[in-house]
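There are 2 protein chains.
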Amino acid sequence: MKIAIASDHAAFDLKADLAQWLADIGYEVVDLGPDSASSVDYPDYGYRLAQAIGDNQAALGVALCGSGIGISIAANRHAAVRCALVSEPLSARLARTHNDANAIAMGARLIGPEMARACLAAFLDTPFEGGRHQRRVDKLSQPQLNQEPA
Amino acid sequence: MKIAIASDHAAFDLKADLAQWLADIGYEVVDLGPDSASSVDYPDYGYRLAQAIGDNQAALGVALCGSGIGISIAANRHAAVRCALVSEPLSARLARTHNDANAIAMGARLIGPEMARACLAAFLDTPFEGGRHQRRVDKLSQPQLNQEPA
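First to last, the protein sequences are chains A and B.
Residue 135 in my numbering is what sits at position 135 of the first sequence, and the numbering runs on without skipping anything.
Residue 168 in my numbering is what sits at position 18 of the second sequence, and the numbering runs on without skipping anything.
Chain A with its partners taken away, still in its complex shape:
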């Protein structure tokens, strides 16, 4: 399975760590950059990741920045992306069971590399539960902003 990974400069080292770990456990990793720790703008890389998922170049995505906030907002601009910002494995599991999340965001300044691996492992190991959650996930793919709650 192909997993795309992207970051900003603040998360460059964490990106390298997680990319290596993913490769070690058998995933094909698509590193979307950046290629150095020079300052970049997180939206550019969040959009790159979103496009890779939207175009089916990768089944899942890992989005990293200093807090995880900025790059997760950017990734979620794309209706094909369901990017969950997490800092511990329970959220990573819920993102899969309830939201069928296809991307996970984490903050390199907020959690350490072992916690990040634990979150990512939980994310990768947890199936979507379906059922009533499917209807809600479908609505995330159809953001008609004027629809009334139902």
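Quick look at which bits of chain A chain B covers, simulated, 3 or more residues with Cβ under 8 Å: (1) 39-49; (2) 67-81; (3) 95-103; (4) 134-140.
Label pairs and their in silico Cβ distance ranges: (5) A:Ala80 with B:Ile175: 35 to 43 Å; (6) A:Ala16 with B:Ala187: 41 to 49 Å; (7) B:Thr276 with A:Ser39: 21 to 29 Å; (8) A:Ala16 with B:Met151: 38 to 46 Å; (9) B:Ala271 with A:Met115: 20 to 28 Å; (10) A:Ala79 with B:Arg259: 20 to 28 Å.
Just so you know, the hints here were simulated from the structure itself, not pulled from any lab data.
The beta carbon of each residue, even a glycine, is placed where N, CA and C say it ideally should be.
Dock chain B against chain A, hints included.
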């Protein structure tokens, strides 16, 4: 200042608690529902919140669901919304200083009401830093997904 608040059923009680707290400290609260704890779909309420911010009916938004993940994804579908999912006040502060976040998401099943208030207080008390962060925030409002990193 007007603050819109929306949730799903799982966060109905937390919504009531935070709405009251916001009113007590002087904010005008726009409660976008739901009006009961009956089961609803979080995307409907996330989109409602996004629309309220996009239409300038509220300056800021509070988005709540079980984990905060689903409703934050929904809110961030709207290019006018920068919704930060947080579970502690440091992330709430960074969401303001770096991302000029105009919405905060929290998970009622993951954090308690006092932590939620502390996050919201940090969010409300922290100004945007501007500077180099402004360019990145501007890019979040212009999600042209094919743009190359620059």
